[in-house]
Amino acid sequence: MPAENVPPIKVVDLHKYFGPLEVLKGINFQVNHREVVCVIGPSGSGKSTLLRCINRLEEPTAGKIYIEGEDITDIDADVDKLRTKIGMVFQRFNLFPHLTVLRNLTIAQEKVLGRSKSEAEDVARKMLERVGLSDKVDEFPIRLSGGQQQRVAIARSLCMNPDMMLFDEPTSALDPELVGEVLDVMRNLALEGMTMMVVTHEMGFARQVGDRVVFMDDGVVVEEAPPDELLLNPQEERTRKFLEAVQHY
Amino acid sequence: MKKRTRQKLIRWTLYLVLVAGVAVLGLVADWPTIQRVFFNPQIAADMFPAVFTIAAKNTLIYTFAAFAFGLVLALFLALMKRSSIKPYRWIAITYIELFRGLPALVTIIFIAFAIPIAFPGTSIPGGTLGKGTIGLGIVAAAYMAETIRAGIEAVPRGQMEAARSLGMSHGAALRYIVLPQAFRIIIPPLTNELVLLIKDTSLFFVIGGTITSKELTKFGRDLMSSTFNATPLIVIAVVYLIITLPLTRAVAQLEKRAARAR
Ligand SMILES: Nc1ncnc2c1ncn2[C@@H]1O[C@H](COP(=O)(O)OP(=O)(O)OP(=O)(O)O)[C@@H](O)[C@H]1O
Ligand SMILES: [Mg+2]
Chain A
0 MPAENVPPIK VVDLHKYFGP LEVLKGINFQ VNHREVVCVI GPSGSGKSTL LRCINRLEEP
60 TAGKIYIEGE DITDIDADVD KLRTKIGMVF QRFNLFPHLT VLRNLTIAQE KVLGRSKSEA
120 EDVARKMLER VGLSDKVDEF PIRLSGGQQQ RVAIARSLCM NPDMMLFDEP TSALDPELVG
180 EVLDVMRNLA LEGMTMMVVT HEMGFARQVG DRVVFMDDGV VVEEAPPDEL LLNPQEERTR
240 KFLEAVQHY
Chain B
0 MKKRTRQKLI RWTLYLVLVA GVAVLGLVAD WPTIQRVFFN PQIAADMFPA VFTIAAKNTL
60 IYTFAAFAFG LVLALFLALM KRSSIKPYRW IAITYIELFR GLPALVTIIF IAFAIPIAFP
120 GTSIPGGTLG KGTIGLGIVA AAYMAETIRA GIEAVPRGQM EAARSLGMSH GAALRYIVLP
180 QAFRIIIPPL TNELVLLIKD TSLFFVIGGT ITSKELTKFG RDLMSSTFNA TPLIVIAVVY
240 LIITLPLTRA VAQLEKRAAR AR
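Chains A and B are the protein sequences, given in the same order. Counting from 0, one number per residue, gives the positions in the first sequence under numbering that gives the first Met the number 0. Counting from 0, one number per residue, gives the positions in the second sequence under numbering that gives the first Met the number 0.
To be clear, the hints were calculated from the coordinates, so they are not data collected in a lab. Heads up, some of the hints might be wrong.
Distance ranges between label pairs, derived from CB positions [stated by the list, open to error]:
1. A:GLY131 - B:LYS56: 56 to 62 Å
2. B:ARG156 - A:ASN4: 47 to 53 Å
3. A:GLU228 - B:ALA257: 36 to 42 Å
4. B:GLU152 - A:GLU236: 31 to 37 Å
5. A:GLU118 - B:PRO245: 42 to 48 Å
6. A:ILE141 - B:PHE112: 48 to 54 Å
7. B:GLY125 - A:TYR16: 53 to 59 Å
8. A:GLY25 - B:ARG183: 41 to 47 Å
9. A:GLU228 - B:TYR87: 22 to 28 Å
10. B:ARG156 - A:LYS24: 21 to 27 Å
Computed from a predicted model, the values in this text were never measured in an experiment. By construction, the Cβ of each residue, glycine as well, lies at the ideal position given by its N, Cα and C atoms.
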């Protein structure tokens, strides 16, 4: 465990270009220990790109990202080791379809952390219990509902004992009636003290679980504040417009 | 004329043409000669069991050896073609275009005869098996590399990303996550490639070899010239079909199942 006074995630003047297109235009923010930060903003504002830069699925063009105080944009940074500290949950789950649920959870433990098979399986079963899917160990992902798949994906990340978790719209691909079960798992994680950064359109979740909400638009952080302040009393015009649009119905 | 009547008429005309064609062939053909030259039971009987124990066995050994060698080479080529290092891509592209553009026979002759001449003192070890396998494997690799590359690209990008985000290296993610899925996708086209290879081992006749190294085609040709009879050709044709038909049927089944799963 890292020292509590070092922020798990700190982003300094981050720029990201795709070719000539500037997607992130100087992002500054940090996530503190045990904090849950929700990122909201219109489509194309760069939320996913920001999240993906944080575990180097995208290469930042300029700026610095510090994970637990270590500069991961450094050319010598051990990216694979870095990624085991950061759990990532995708919109489309990205479970490995050719492996059973259990194997989905054990393969990286064995190949990356060097755990033995039995040790990895013990951890996997414990994590499956945590997300309420103990009875699905031997199923293949395709046999599970979207909500169950996403919970397995969360459990898969947890097996690596990450210090923090990134979620990229974890419920956007789900049927409405399945959203709740995934958010429940995430809320429990937050209550257990996991440091989390969540890109989401679930304003209810952001209000209830988030410690802070960050509003992004057009590649910049427009405004950040505790959920009630930002969602009920936004200071910036752009934030107000966005919230009006999403809360229209 | 009503449409129904006209269709009926056309249909009957087509049947008639077919029957007439067969009848003409049957009358014109020299049946006694055909039977003597193509279906001589004694010559056919004399081919057993060697046609299986030597010829078919060799065909299969050469096929699997060339396939295995080609597959390994193809995997490297596919990965090279996807490499972020440009010269690797160039090498892979050149290789693939070169050996897909040349007749397999040319490559096999080149490996068997030109290399020992170009590099005196060297020769490909393993006799027919060695030369043929390497020559045919080199050609097969060019085709299979494209198949494998297409298979890798058919695996959604999120699979690689999920694996990497769990801390797997690029190599580990390829090996445990992407390639197993890619190979599932390309089993039907790879099986087709295997069938093509079975037939292409017939090109090994140019290499020569010993009595025990003959594959089906050379076995049949040699018997044809020693017996002055074409029956061996018919027999080996049947043996080829016994080998290839189950495979092509299996591919059709696999493809049907894949289509249904989608
Ligand atoms: N690999 C890429 N190549 C080129 N452009 C990209 C790439 N990835 C994202 N972009 C572009 O970058 C911009 C920001 O994309 P990003 O996915 O980060 O937005 P987002 O805020 O997550 O949107 P959404 O809510 O739709 O997920 C978009 O204009 C997108 O088209
Ligand atoms: Mg996104």
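Against the structure, the hints come out as follows:
1. Checked against the given bound of 56 to 62 Å, the beta carbons of GLY131 (chain A) and LYS56 (chain B), roughly 57 Å apart, stay inside it.
2. Under the hint 47 to 53 Å, the C-beta atoms of ARG156 (chain B) and ASN4 (chain A), about 38 Å apart, miss the expected range.
3. Between GLU228 (chain A) and ALA257 (chain B) the C-beta distance comes to about 54 Å, which lies outside the given range of 36 to 42 Å.
4. Judged by the Cβ atoms, the range 31 to 37 Å given for GLU152 (chain B) and GLU236 (chain A) is violated: they are separated by roughly 44 Å.
5. Against the hinted window of 42 to 48 Å, the Cβ-Cβ separation of GLU118 (chain A) and PRO245 (chain B) comes to about 45 Å, which satisfies the hint.
6. Take ILE141 (chain A) and PHE112 (chain B): their Cβ atoms lie about 53 Å apart, and the range 48 to 54 Å holds.
7. Restraint check, GLY125 (chain B) to TYR16 (chain A): a C-beta distance of roughly 54 Å satisfies the suggested window 53 to 59 Å.
8. Range check, GLY25 (chain A) to ARG183 (chain B): about 44 Å between beta-carbon atoms, so the 41 to 47 Å window is met.
9. At about 54 Å, the CB distance of GLU228 (chain A) to TYR87 (chain B) disagrees with the hint of 22 to 28 Å.
10. Hint check: ARG156 (chain B) to LYS24 (chain A), Cβ distance near 25 Å, so the stated range 21 to 27 Å holds.
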